[in-house]
Structure formats: structure tokens, C-alpha cells
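Please put together the full structure from these sequences, using the hints given.
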Amino acid sequence: MRSLRATFWIGVYFLLVFSPFIILLVGPRPAGREFWREFSVALGYAGLSLTGFQFIPTARLPFLSDVFPMDTLYLFHHRISLASLYLVLAHPIILFINNPFTLRLLNLVTAPGRARAGVLAVLAMIILVVTSARRKELEIQYEHWRAAHIIFSVVAAAMALVHIFGVRYHTANPVQRALWIAMPALWLLMVIYVRGIRTIMLLRRPYQIVEVRPERGDSWTLALQPLNHPGMRFVPGQVAWLTVQRIPAAIREHPFSFSSSAERTDRIEFTIRSLGDFTSTVKDLQPSSCEPGQCVYVDGPYGVFDLDQSAAPGYVFIAGGIGSAPIMSMLRTMADRDDRRPVLFMYGNQNWERVTFREELEELEKRLNLTVVHVLEDPPEGWTGETGFMNVEMFDRHLPENRAELVYFVCGPIPMMDVVERALLRLDVPLSQIHTERYEMA
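Numbering (our numbering) for the sequence shown: 1039 to 1480.
No incorrect hints appear here.
For each label pair, taking beta carbons as the anchor points, the in silico distance ranges come out as:
| id | residue 1 | residue 2 | range |
| --- | --- | --- | --- |
| 1 | THR1319 | MET1239 | 21 to 29 Å |
| 2 | ASP1304 | ASP1376 | 18 to 26 Å |
| 3 | THR1425 | ILE1238 | 47 to 55 Å |
| 4 | ILE1219 | LEU1141 | 30 to 38 Å |
| 5 | THR1409 | GLY1314 | 29 to 37 Å |
It is worth saying that the hints were derived from the structure and are not from the lab.
Yeah, the Cβ is synthetic: ideal placement off N, Cα and C, and Gly gets one too.
Spelled out as C-alpha cells, the structure:
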């Protein structure tokens, strides 16, 4: 059923995105305009349409987040952004090759306003993609990047629309004019939903910080309690976006996996490792009474990386570092449900002292049908367990004979996950049995 819904929404998305391209190519061609000129315009239309609908994958719309993994939606957003830039760039390049005289339109001093708007749209698109792809190398703080991302997205779309309506060759056609009025209206409605309606909904469901608990591995567990509402139901493995001590319309929201049991709604927890601009400040947060400016807002739950969607005779959990957070939510939930199905948890860390949840995992081994295999890059003296990095031989030693029947949940750094997926496939684990979450998705 989920695959059918996924196919349906993918079809709807591409129909919306490429409708301007299709209408332009099959519609009547304006007099005196050759094929290559019109083809370049069609590519530009497709590029703008892709740019405008980039809101969809990242808007966290329930009908999509219930079907697609969140990391897949964000990866799709990144890849499609590159495609939209290539299409937008192809428009002037083909135009210049076909008619070199049009190069004069690059002169922002003498070019008409519609051409200047087009140039500004392309420049904004280039800045968008470059700063997104190279944010860490450029050392741009996450919040600053998000603000710039929003600004340049609006500039790119607005200038492109000014360019289209300024040229007027195709907007004189009633169908195309209606299309280019309806599409920006739809983009605006999505912005109103994300920045307006959803903000109002979150303001009605605040949380207060009740504990900030230190964990091994330079990690901290942020415990939240609902204030004047019944709390949130989630399934183990899902994620939420947190806005801490700011209004939910602010751009400073960050995604984290639930680490607490899904059986509790009176208290939810997120375990966060100090890795970046925001995460390094979690340890400084203090329990608060949710006075103005002190509340936490939780937008979620989202994602299909969840235990309840994957009934199986047993599970294999594979995590690296703080990728153990959603796994702990699954294990804690299984313990609260007295779920005795066999679980193998292979957990990679740098060293023994950085194994987050180490003591609790020992207790869970007593309560559950759980086997924990620690894999250490730098083991202590006398260590007899697994060392180095996870590989095919290591999995072959520990996976049971019915490995193809089990369901696998993998979460951790992207390079580790790529290695794990390839190793499992080599051991004849069906791809459909492997569920992943790349927690660097944002």
C-alpha cells in the first residue's frame, strides 16, 4: 500500500513540475521563434517550476512524511535543486549559442528590465546551490544559511516570474498565463501553511524542559514535558524538529530522533551529541517553567523509520555514534511492551568511554532477548570484542542463519551506512528488509 501511495505522489509531483514544459512544447509556437529558442524557454520553465516546488519535499507535509523516509525527502530536495539549476542555466546557454547577439542582455546597464530580472534569478539560483552544497566548507552557520536560503529562494522565484511576464511571448496565451498565476499561488499557500498555520498549531502545544541529562560520548538527553496538553504520540524511530526557546516561526529549528519510549506521552526525550552550532549549546539549557521565551516547540512526529511498520520474527539494529538514539527508542519501547522477539544490536563507537547508553544497554540485555555487539575503533587494553570498522566478515560472524527473514534498522554517519548496506546485500539480506536513516539529512 505504501509503495502505491509513493508512486502516486511521485507522479503528481512530476506532473506539477513539468506541466509548463509540456504545455509550452505542445502548444502553438509564437510567430518567428525557432525551435531551439523555444526549447531553451521550455527548459527555463521546467527549472523555475522545479525551484518553486522545492517547498514540497521539505515542507514536512503529513501525506508525504507518512510515505517517504525524511532523509529520502531531503536527499531528493538536494538532488532536484541541482537539476533545477542545470535547467535554468541551460536556458540562456542555448539561447546564446543559437543567437550570439543575445549576449548583450548580460549587460545589466543597457539590458531591458526583463533581462536584468532573468540574470538576477540565475545568480540567486547559483548562490542557493553553492552555499547549500558547500555550507560546511564555507563555514556558514546553520541559522545564517537557512536565512540566506529563504531570501535567495524568494529572490530567484520572484525575479524569474518578473522575467517571464516581462517577456510576454507566452503569457499572452490564456492557458500559460493561468498556469503561471496558479503555480506561484500554490507556492504561496505552502509558505502560508509552513510559516503560518503550522506555527499557530505549535504555539498551542508548548513543552517545558524538565531535565538536561549528561550521557557518555559528549551527548546530552533533553527531556521535555507537555504543558497544558496531552502530549504527543509517536512510534519508535521517528524524528521531530525542535525550536528551543524561540517562537516556532523562527528559522532555528533542528531535527532529532526521539530516544525515549513511545509508550510514554507525559515525557519525551531526545539524545543529542555536541557536534555543531546548536547541538553544542544543549548542555547549557536549564529546566524551565515555559515562561515567555523559555518554551520548546516540537514539530512532529515524522518519518517511516519506525519499528511498528515492520513486523518481523526478529530485528537487527546497527548504529554508529549518536545514531543509537532512535535505536534506544525502539529498545525502550520493546522493554515497556515486554516484547521478547530476538534483537541483535551492533553498535560502533570510537572507544569504550564514548559508548552512549552503555550502562542502560547492559540492563536492557537482562530485560529483553537482546544481544549487544560493541565495535570499537580504539579498544582498551585487554579488549576481546570486535574492533575496527564494521564489514562483511563481522556481520557474517554475528548474524543468525535466518538473517534474510529479519528486519534491519541502520542509523549513523553516512559513510558507515553505505558500507553497512553493501555488506548486508552481499550477505543476501533483501534490500526491502533494510531501513536506514541518515541523521545528517539537515
